[in-house]
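Got chain A sorted already, so can you dock chain B onto it with the hints?
Listed in order, the protein sequences are those of chains A and B.
FYI, the numbering for the first sequence is 1 to 570, going by the UniProt record's numbering.
FYI, the numbering for the second sequence is 1 to 171, going by the UniProt record's numbering.
The set of hints was computed from the structure by calculation and includes no laboratory data.
Using N, Cα and C, we set each Cβ at its ideal position, and we do this for glycine too.
A portion of the hints provided could be inaccurate.
Said to hold, decoys possible - Using C-beta positions, here's what the derived DEER-type ranges look like:
hint	chain 1	residue 1	chain 2	residue 2	range
1	A	Ile364	B	Asp51	16 to 24 Å
2	B	Glu157	A	Asn23	40 to 48 Å
3	B	Thr73	A	Ala309	54 to 62 Å
4	A	Glu111	B	Met163	47 to 55 Å
Stated by the list, open to error - Heads up, simulated BS3-like pairs for lysine-lysine below, C-alpha to C-alpha not over 25 Å straight-line:
hint	chain 1	residue 1	chain 2	residue 2
5	A	Lys313	A	Lys352
6	B	Lys167	B	Lys75
7	B	Lys167	B	Lys116
8	A	Lys356	A	Lys325
9	A	Lys72	B	Lys153
10	A	Lys72	B	Lys116
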Amino acid sequence: MSQPYLSAHSQRIIDVTDPSDWNTTRLPLLGSVDSALRCQICKDYYHTPVMTGCCHTFCSECIRRSLVREQKCPVCRATAQENQLRKNGAAQELVAAFVAARPLLMEVAKESVEERRFSTRGEEGGTEDGGEDDGYPGFREEGGRKRRRGRRRIEGGGAPDGPMESAGGGRITRGSSGRVGSQPSSQPSSQNQVICLDDDDGDEDYKPPPSSGMVACPICSQYMKEKRVDSHIESGCPKESPASPRKRLRGGESSFFGSSKSQSGYTPAFPPASKRVDTKPGAPYPNPANPLDLHPLPKIAFNMMKESALRSKLQELGIPSYGSKRTLQDRYNEWLTLWNANVDSVTPKSKKELLKQLSSWDAINRVPVVEKTKVAGWTDQGWSESNKSHYDELIAKARTPRVKPEPVKEGGEEEEEAEAEETDDITSISSAQMDGACAAPTTLPNSNIIQTTVLNDKVPLNNVTQSFQPDFHQPYLDQAFTTALHSTPSPPPPFQAPPTYLPYSHVNVSEMFVANPLPPTTVLAGAESDTDRLAIVEEDSSLIGLYGKRKYEEMEIGCKKGGGSTSGGL
Amino acid sequence: MAASPYPRGSVPSSPFSPLRSRTHNQICRLQTELMQLMMSTTPGISAFPTDGNLQHWTGTINGPEGTPYESLTFKLSLEFPSNYPMAPPTVLFTTPMFHPNVDMSGRICLDILKDKWSAVYNVQSILLSLQSLLGEPNNKSPLNGQAAELWDKDPKEYKRLLMLRHKEAED
Chain A
1 MSQPYLSAHS QRIIDVTDPS DWNTTRLPLL GSVDSALRCQ ICKDYYHTPV
51 MTGCCHTFCS ECIRRSLVRE QKCPVCRATA QENQLRKNGA AQELVAAFVA
101 ARPLLMEVAK ESVEERRFST RGEEGGTEDG GEDDGYPGFR EEGGRKRRRG
151 RRRIEGGGAP DGPMESAGGG RITRGSSGRV GSQPSSQPSS QNQVICLDDD
201 DGDEDYKPPP SSGMVACPIC SQYMKEKRVD SHIESGCPKE SPASPRKRLR
251 GGESSFFGSS KSQSGYTPAF PPASKRVDTK PGAPYPNPAN PLDLHPLPKI
301 AFNMMKESAL RSKLQELGIP SYGSKRTLQD RYNEWLTLWN ANVDSVTPKS
351 KKELLKQLSS WDAINRVPVV EKTKVAGWTD QGWSESNKSH YDELIAKART
401 PRVKPEPVKE GGEEEEEAEA EETDDITSIS SAQMDGACAA PTTLPNSNII
451 QTTVLNDKVP LNNVTQSFQP DFHQPYLDQA FTTALHSTPS PPPPFQAPPT
501 YLPYSHVNVS EMFVANPLPP TTVLAGAESD TDRLAIVEED SSLIGLYGKR
551 KYEEMEIGCK KGGGSTSGGL
Chain B
1 MAASPYPRGS VPSSPFSPLR SRTHNQICRL QTELMQLMMS TTPGISAFPT
51 DGNLQHWTGT INGPEGTPYE SLTFKLSLEF PSNYPMAPPT VLFTTPMFHP
101 NVDMSGRICL DILKDKWSAV YNVQSILLSL QSLLGEPNNK SPLNGQAAEL
151 WDKDPKEYKR LLMLRHKEAE D
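Chain A on its own, in the form it takes in the complex (with noise of 0.2 Å):
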């Protein structure tokens, strides 16, 4: 698609229906019609419309979302929780029946208007129309699925374009207020459809209160025994034996809107042993329309799990599982969110398409990725084999047993050393920016490295180098910086073992730099003077630990004293 922009834009912008397309119509008062079956938080047309505790209707995408970050009703700010949420199958089947007749109302309500005002030009409302049945391709690709679900419709009413639509429209408007058509969306065959006399179609997620005091955890919405909650919470919502009887004992409860194959009639017994039987004990409530392996998912009470059980846990949902825990806690409500309205949804999507959508969310909320910065010629694997003799030279001094440092030092000579109390936790000095590909020295350990040197005030600063590489998955140092901001920090390093400054004292660092410099991503620019270098470290205090900081900046002072204080140890 070579069109420029702005073209496409505006064509698009043409597409978009609004209630105030009645304004110019003779029947205007539609207008409010027309409003009415709008989600107040999309503006559009009811998709999977549900119905909150305070009888307040959104889409069920919409209003979960808006429940993960305020649980408050977005219009009367009433308290509201995901599992009060209620399907409306009246607003779905009002949006059902408006979208389809739409265009056709339009196309009435203009032509009377221009008949009477400029009868000679007939085809004014084309353009308001179109975007309906004959519309773009563009759009319609990427633009409307509620729109394309509204055209779903009325192919399915047997009438696929044109003037003829107006009976497919027609039928669904009848078959919709006799309660007949239970479903009149994509399946055709839907003329010899069972009717479903059941009388309670607004709630087919209706709960029935549990029997013998049984509660719903307030997390995740498994039912149990009210004694068994504060464990269940404490342990992290795992899933309740299968055993309890949380059960919906609405076996046939798929007669609104459920597939065609189950609509013998409404059953109020025990579903089938096999069939229903906790395939999914944490599901709250069974999805009618759905297949089986289609249930809501639990909210996880992040602050109780574990990183690595989080990580595996989307693992296990098929979902990425790259990025800081905060990362990983967002794609999970995200796809709590998509997931849930799906499994609301009367014509639940693919997983495939589910994560397409997550995928398109990660795009955006991805933490911007700092290109790794290129020289010319530069490759991991040709720097570590240049300058493996350093890197060796180095491990080897670092390997050498620690060297109790001189417990006074001449006046004047402003030394600093930093002391390695562990020797497992020795590394060489930028390891940060080498990435598993590169052929690093084995002993680079994986955990927070934080080393600090300072040799004395007249080195320049940028010599001082503060490497860290905390343990995640991005390998670029850049990154790592702004997720580990947001995220927790890892856990410090015990306190037995201190932050690993390691012995150079022996070891001319600026000239060690200069003979090896390092690639641009290592050194922390812009490190001109000694407040921006405390600031550096103020900055990632939560990285470097309490210890590391109070230790650096005691070196900091002993480095402006002038004082040759040396730390001995603990």
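For chain B alone, kept in the frame of chain A given last:
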């Protein structure tokens, strides 16, 4: 991360590059709002995307009658976050403004743009709220103390300073 975690070909690529990072919902919603604003022609307010970028709009408010702002026009910039309408847009006055709840760089202190935001608000309701804020400032938590003080005490001086400030825009 060499391999994409998503199935091959599933990552959408839109031909509309400015919209590439927007999900369908947001595009749809912003388009609807634009449509609504254009069709309804509420007196005194208007807004339109800047440079065809749906993420960034420019709005205009006419000062309400019977206030010092009468017959003045103010421009605003509205920046929509990627999770709009779940999060409020960032709204700034781009016309220099003299008002108790607007600071010198145009930032606005209004609860519905902060913690009282709700997903049901839209551009129209924001602009209308701002318009009414012009006539009824909240002098209890001012961003511009001088304006808050003068509002009640010395309307003439208020008007003078306002016009002085407003003139900067025209120069």
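Evaluated hints:
Judged by the Cβ atoms, the range 16 to 24 Å given for isoleucine 364 of chain A and aspartate 51 of chain B holds: they are separated by roughly 20 Å. Between glutamate 157 of chain B and asparagine 23 of chain A, the C-beta spacing of about 44 Å keeps the proposed range 40 to 48 Å intact. Between threonine 73 of chain B and alanine 309 of chain A the Cβ separation comes to about 57 Å, which falls inside the hinted range of 54 to 62 Å. With their beta carbons about 52 Å apart, glutamate 111 of chain A and methionine 163 of chain B fall inside the hinted range of 47 to 55 Å.
At roughly 18 Å between alpha-carbon atoms, lysine 313 of chain A and lysine 352 of chain A fall within 25 Å of each other, so this suggested pair holds. A hinted pair counts as satisfied when its Cα atoms are at most 25 Å apart, and lysine 167 of chain B with lysine 75 of chain B qualifies at roughly 14 Å. Simply put, lysine 167 of chain B and lysine 116 of chain B have alpha-carbon atoms about 33 Å apart, too far for the 25 Å limit, and the pair is violated. The straight-line distance between the Cα atoms of lysine 356 of chain A and lysine 325 of chain A is roughly 22 Å, inside the 25 Å bound, and the hint therefore holds.
Straight-line distance between C-alpha atoms of lysine 72 of chain A and lysine 153 of chain B comes to about 40 Å, which puts the hinted pair past the 25 Å bound. Using a Cα cut-off of 25 Å, the hinted pair lysine 72 of chain A and lysine 116 of chain B holds, with the two alpha carbons roughly 11 Å apart.
The structure fails hints 7 and 9 (numbered hints given earlier, in ascending order).
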